[in-house]
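Visitor: Chain by chain, the residues run as shown.
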Amino acid sequence: MARTAKKAAAKTAAQLKSNRERPAEPSRYKATKDELLDFYKQMLLIRRFEERAGQLYGLGLIGGFCHLYIGQEAVAVGLQSAMKVGRDSVITGYRDHGHMLAYGIDPKVIMAELTGRAAGISKGKGGSMHMFSVDHGFYGGHGIVGAQVALGTGLAFKHQYAGDAGTCLAYFGDGAANQGQVYESFNMAKLWDLPVIYAIENNRYAMGTAVERSASEPEFYKRGESFRIPGIQVDGMDVLAVRGAAEEAMAWTQAGKGPIILELLTYRYRGHSMSDPAKYRTKEEVQDYREHHDPIDHAASELEKLGVKEDELKAIDKQIKEIVVEAAKFSEEAPEPAPSELYTDVLVETY
Amino acid sequence: MAIELKMPALSPTMEEGTLAKWLVKEGDEVKSGDILAEIETDKATMEFEAVDEGTISKILVPEGTDGVKVGAPIALLAGDGESAEPAPKADEPKSSAPEPKAAAPVPAPESGAAPTPHQMETAARDLVADVAKTHDAPEVPDGTPLTSVTVREALRDAMAEEMRLDDRVFVMGEEVAQYQGAYKVTQGLLDEFGPKRVVDTPITEYGFAGLGSGAAMGGLKPIIEFMTFNFAMQAIDHIINSAAKTNYMSGGQMRCPIVFRGPNGAAARVGAQHSQNYGPWYASVPGLIVIAPYSAADAKGLLKAAIRSEDPVVFLENELLYGQHFDVPDMDDYVLPIGKARIVRPGTDVTLVTYSIGVGVALEAAQELMAEGINAEVIDLRTLRPLDKATVLESLKRTNRMVVVEEGWPTCSIASEIIAIAMTEGFDDLDAPVLRVNNVDVPLPYAANLEKLALIKAADVVKAAKEVCYR
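Just so you know, the sequences run in chain order L and H. Remember, my numbering sits 704 above the position in the first sequence when you count from 1. Remember, my numbering sits 14 above the position in the second sequence when you count from 1.
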């Protein structure tokens, strides 16, 4: 699949019979050294944060379902770096910690939400799967597979209705791509040319079911064809390729051409959730991705080519570790919500 | 012999219609398939086709006539070789004065005459008759001018008024715009507000319920119309998982101010998949407001409140009530409080707790009970969540007897809930066990006789009320 990812990188649906306008082939984003350093830091923060979250889960400090983003960091960082906070909106499923961090939301309040504390971003009432930051235009954090696709289409409807020039970035996975509501949403999005980027994070497994066993058309970027929604397949392990595709997609929605699909070929190193032993794939497969396709290693080697010294990267690593340690400490020490919080926020108003 | 052409039934709930236009005149020859007339039903303007060949010998009902009862002769058709001379004049319905509501149910067919299918007695007509026979005055200060308005118009007016006040409000659903509403509830809204704010969707309930919820999260105020709540089953995930839980899960950070509305409950002879009351389903979900109004005034005042609310609201209308007239206060801004029940009929001997079309049944039962010396109080819950327990318990304190009347299944119902509340919080006030009158616990059958047996009726309420009064 890694091979497929490379070969297929930036493959558009242009090869298909062309009866409509299609986006241009995206080019790899030409990042400055500072920009790439920034991407590197964000990806590293997600990696270290998630590793720590896994550890806290093992210690019993985080409960329930907890889905880690390790391996997929380049997707959220590459895409969201092209979004404008205050104008655009982002929505995703339950594997949402990375997307929150990629938007610069304080790791402390995210980790405190994971440990179910009052200081958590949802006051401890949402948990790992349900985090939101309306200030950032980050609309969660949804636990029902595929629901965010219809909801995100609604956010795009709002952008169009309000004429606020915003675009909604709606993430979902290869698993959610088989839900019926995705296609109901595609139909309306194109019918009304809503400004929405459907980002399909194809990490190859819908929980434990491999794409080949669940998808009759496993090339998800083609899934919009029946709705006249163009799609682009992207190497989701390369943050600059992702950012390049995001630029193309944003230009498309901003030009009023309606929805567009990005299929990000990626891989999660951990199980579907903390309780998934991931026996449906080989150790070798995981190892291959870690050693040869890791998005963070990839960015590090590019930074070295740009003249960033190893010492500098080590210093960044240390700095990130400190941020995560601090977040973990905060999340362990923060008090649980007061029992009275049980009854608050059920409704907005009093009747 | 001349064939009588009768006013056709062109919708499941149609009792009468307007003969809008004749497309033939006396003396015209017609053949099968020719369009004879345009008829306005409660839902749409329909074409009325000829089935038999012949000559129009007499037009009995002139065009422009309102309130023509289904089954009434509207023209005579002379067959081949017959004289096209006008036949003896049949009784003409009064063109400008439809019969008063009290006579709404079509009289039983004359003995010997074969009834048209529509003239069969149905449970729906009994329900509607109960509504029509009783009176429900809105709660307004004395002297407030009142206008007789249908529930359908009241709902439309509520939406239009709120749309004028707030740009964020829009209506979305199947056939809401160009078709003017599958049940004509959104009639005229497209003309006034345009396609940006009155949006026709594909047939895609799950999709547009989700899209609407997302738009609400983004800051708009959508009114999502389901053609019926039966179709909202496809969308219930978004109503419950997306809309109802957002505020709580986000610790109060993200709201979902949306109204899901449409007809709910049994209509007329539409079978098991199109006849169910979702009140108890939605009322069991924390995070939702559930409203099920009866009168046009309540429909208007509560829909306006629902649109203004910052919380997600499930607004359950009733198809059989759409065409019913009620007095609605002539006020600029008639908004009612959510979560408040209403004593529709004060009484002293037994409390009948009900909502939606059950109110009509309970009022009819109350009239019958009065004749037997039992003075029943009727409470319309209006809002099913949050439930106005105080009004129910206060009434129980006075009457000490209670019957719940609900057009819906008995198991895990609003009736179950009221009974639990009465037992746990009003036990000392009870002189008899609370009884409930619900639909029979079966999928709703199609056959007219079985349907009648399955739905609630005033006689059952009378019986239950007498039982709790030990009479």
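Please note that a few of the clues may not be correct.
Pairs of lysine to aspartate or glutamate residues, derived as DMTMM-like cross-links and limited to a Cα-Cα distance of at most 25 Å, are as follows [stated by the list, open to error]:
hint, chain 1, residue 1, chain 2, residue 2
1, L, 894, H, 431
2, L, 894, H, 386
3, H, 354, L, 923
4, H, 403, L, 897
5, L, 961, H, 214
6, H, 354, L, 1049
7, H, 403, L, 1049
8, H, 210, L, 1049
Under 7 Å between C-beta atoms, here's a sample of chain H residues computed to sit facing chain L [what the hints assert, rightly or not]:
hint, residue
9, 221
10, 228
11, 234
12, 255
13, 269
14, 285
15, 286
16, 288
17, 301
18, 324
19, 325
20, 353
21, 357
22, 404
No wet-lab data here; the hints were simulated from the structure. All C-beta atoms, glycine included, are put in the ideal place defined by N, C-alpha and C.
Visitor: It remains to establish, for every hint, whether it holds in the given structure.
Guide: Hints, one by one, checked against the model:
{"no.": "1", "hint": "L:894 <-> H:431", "in the structure": "violated (45 Å)"}
{"no.": "2", "hint": "L:894 <-> H:386", "in the structure": "violated (64 Å)"}
{"no.": "3", "hint": "H:354 <-> L:923", "in the structure": "violated (54 Å)"}
{"no.": "4", "hint": "H:403 <-> L:897", "in the structure": "violated (48 Å)"}
{"no.": "5", "hint": "L:961 <-> H:214", "in the structure": "holds (21 Å)"}
{"no.": "6", "hint": "H:354 <-> L:1049", "in the structure": "holds (21 Å)"}
{"no.": "7", "hint": "H:403 <-> L:1049", "in the structure": "holds (21 Å)"}
{"no.": "8", "hint": "H:210 <-> L:1049", "in the structure": "violated (32 Å)"}
{"no.": "9", "hint": "221", "in the structure": "holds (3 Å)"}
{"no.": "10", "hint": "228", "in the structure": "holds (2 Å)"}
{"no.": "11", "hint": "234", "in the structure": "holds (5 Å)"}
{"no.": "12", "hint": "255", "in the structure": "holds (5 Å)"}
{"no.": "13", "hint": "269", "in the structure": "holds (6 Å)"}
{"no.": "14", "hint": "285", "in the structure": "violated (25 Å)"}
{"no.": "15", "hint": "286", "in the structure": "violated (24 Å)"}
{"no.": "16", "hint": "288", "in the structure": "violated (21 Å)"}
{"no.": "17", "hint": "301", "in the structure": "holds (6 Å)"}
{"no.": "18", "hint": "324", "in the structure": "holds (4 Å)"}
{"no.": "19", "hint": "325", "in the structure": "holds (5 Å)"}
{"no.": "20", "hint": "353", "in the structure": "holds (3 Å)"}
{"no.": "21", "hint": "357", "in the structure": "violated (18 Å)"}
{"no.": "22", "hint": "404", "in the structure": "violated (12 Å)"}
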